[in-house]
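S.K.: Using the sequences plus the hints, can you model the full thing?
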Amino acid sequence: MHVQISKAVLDSYDIGEIRQAKVVTDGLVHKTYEIDTATGKYILQRLHPVLASQAIGKDFLAVTCYLEELNFPSPKAVLSVKGKMLVRDGKDVWRMQTKLAGKTIHVLKDTKMARACGEIYAKFHRIMDGFPHTFKSTKILHETEKVYDAFVKAVDKGSRRLQPASDHVVEEMIEFVRRELPKYFLPSSLPMRVIHGDPKISNILFDANGRAKAIIDLDTCNRRPLLVELGDAFRSWCGGAEDDPRNSFSLPIFRAAWAGYKKGAGDMMTKRELQYIPKAIGTITLELAARFLTDYFNDNYFGWDSSRYPSRRAHNLARAQGQIAEFRDYQKKLPAIEGIIGVEK
Numbered sequence: 605m606h607v608q609i610s611k612a613v614l615d616s617y618d619i620g621e622i623r624q625a626k627v628v629t630d631g632l633v634h635k636t637y638e639i640d641t642a643t644g645k646y647i648l649q650r651l652h653p654v655l656a657s658q659a660i661g662k663d664f665l666a667v668t669c670y671l672e673e674l675n676f677p678s679p680k681a682v683l684s685v686k687g688k689m690l691v692r693d694g695k696d697v698w699r700m701q702t703k704l705a706g707k708t709i710h711v712l713k714d715t716k717m718a719r720a721c722g723e724i725y726a727k728f729h730r731i732m733d734g735f736p737h738t739f740k741s742t743k744i745l746h747e748t749e750k751v752y753d754a755f756v757k758a759v760d761k762g763s764r765r766l767q768p769a770s771d772h773v774v775e776e777m778i779e780f781v782r783r784e785l786p787k788y789f790l791p792s793s794l795p796m797r798v799i800h801g802d803p804k805i806s807n808i809l810f811d812a813n814g815r816a817k818a819i820i821d822l823d824t825c826n827r828r829p830l831l832v833e834l835g836d837a838f839r840s841w842c843g844g845a846e847d848d849p850r851n852s853f854s855l856p857i858f859r860a861a862w863a864g865y866k867k868g869a870g871d872m873m874t875k876r877e878l879q880y881i882p883k884a885i886g887t888i889t890l891e892l893a894a895r896f897l898t899d900y901f902n903d904n905y906f907g908w909d910s911s912r913y914p915s916r917r918a919h920n921l922a923r924a925q926g927q928i929a930e931f932r933d934y935q936k937k938l939p940a941i942e943g944i945i946g947v948e949k
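Under this note's numbering, the residues of the sequence shown are numbered 605 to 949, in order.
Think of the hints as simulated: they come from the structure by calculation, not from any bench. Ideal Cβ positions, reconstructed from N, Cα and C, are used throughout, including at glycine. Hints may be right or wrong, so weigh each one.
Claimed, not checked - Derived lysine to any residue pairs resembling SDA-like cross-links, with alpha carbons at most 25 Å apart: (1) K662 <-> K743; (2) K743 <-> E672; (3) K695 <-> N904; (4) K804 <-> H634.
As the list claims (entries may be wrong) - Each pair of labels, with its calculated beta carbon distance range: (5) Y913 <-> E747: 41 to 49 Å; (6) A918 <-> D871: 13 to 21 Å; (7) E749 <-> L855: 39 to 47 Å; (8) P786 <-> T874: 22 to 30 Å.
M.R.: The following block contains the structure:
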């Protein structure tokens, strides 16, 4: 077994004889493994320290149990033989869940699949509107103002290392995000709802016919404005590869995804929420660019593809370029986006 999992971790779970274990490369944060055993297939994750708290573990267990109870297609949490959600091995913290069959994609090009994405997330949001749980985690995603502040601090601290002659591209991106992101801060008085937190396209599983069959990666659920979720979803579904310097925003994909979401959501959203959906797409696209630029300097959070980039910093820089490219194209198409939503001027 050519993977870095100790026997102590594997023995912590009653999953039968292990036939195979392999690294899953899709995740940006955790170190993830697929475990094939006599009792089934599982996903075992060595959690990033930022997401390895007991509070997040308890929230994850509550969410997965609730979705299972309501027959919503999602992974099930697997407890250790001691009945624990998290297993500690030295400094590392591990978590296991069932592995669902299905296809993962990274760029959405099919409008039928886009509509299916909208429908399954609308169903998820409607179900989670009735979730009777008080979240324990204080790790909240999409607090845009805090992301912006962390970005500014990282830049101010790290920009001394920039060489003007060679890093002018970085400086241009920094100034663009500094200038534009505050214009896209959302109102603080929007309704709070349970969201997934990371609705990127690779967190939806599809069957062979292109139907969305499940949502995975449920460790960032919390109560936040629904608009940050939709902004992130449409950013991901309608864009290309996150690190594509020619990234763009697809109106046909957006039109289909919105049609699916609107059908599934019914009258769940308020008129005020609907009005801010177009803006929210820009908010989260630039927010993600700011996060990638922050990690360009801090160099301690996002995973990176060592087969394509020489360092985490290089990959984060490419990701930031990709998000800014998508944002620029989104800006050009904003009137069309507003028309599709039906925003009143």
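S.K.: For the hint 39 to 47 Å, verify it against the beta carbon of E749 and that of L855.
M.R.: violated (29 Å)
S.K.: Does N904 lie within 25 Å of K695 when you go C-alpha to C-alpha?
M.R.: Roughly 16 Å between the alpha carbons, so the hint for K695 and N904 holds.
S.K.: Do the alpha carbons of K662 and K743 lie within 25 Å of each other, as the hint requires?
M.R.: Holds, because 13 Å separates the two Cα atoms, which is no more than 25 Å.
S.K.: Please check whether Y913 and E747 have a Cβ separation lying inside 41 to 49 Å.
M.R.: Violated, since Y913 and E747 (Cβ atoms, about 28 Å apart) do not stay within the stated range.
S.K.: Take a quick look at whether K743 and E672 sit within 25 Å of each other, Cα to Cα.
M.R.: holds (24 Å)
S.K.: Okay, P786 versus T874 on CB: inside 22 to 30 Å?
M.R.: holds (25 Å)
S.K.: Range first: 13 to 21 Å. Now tell me if the beta carbons of A918 and D871 are that far apart.
M.R.: Once the Cβ atoms are compared, 47 Å apart, the range 13 to 21 Å for D871 and A918 is violated.
S.K.: Is the Cα-Cα distance between K804 and H634 25 Å or less?
M.R.: holds (15 Å)
Hints 5, 6, 7 from the earlier list are contradicted by this structure; the remaining hints agree with it.
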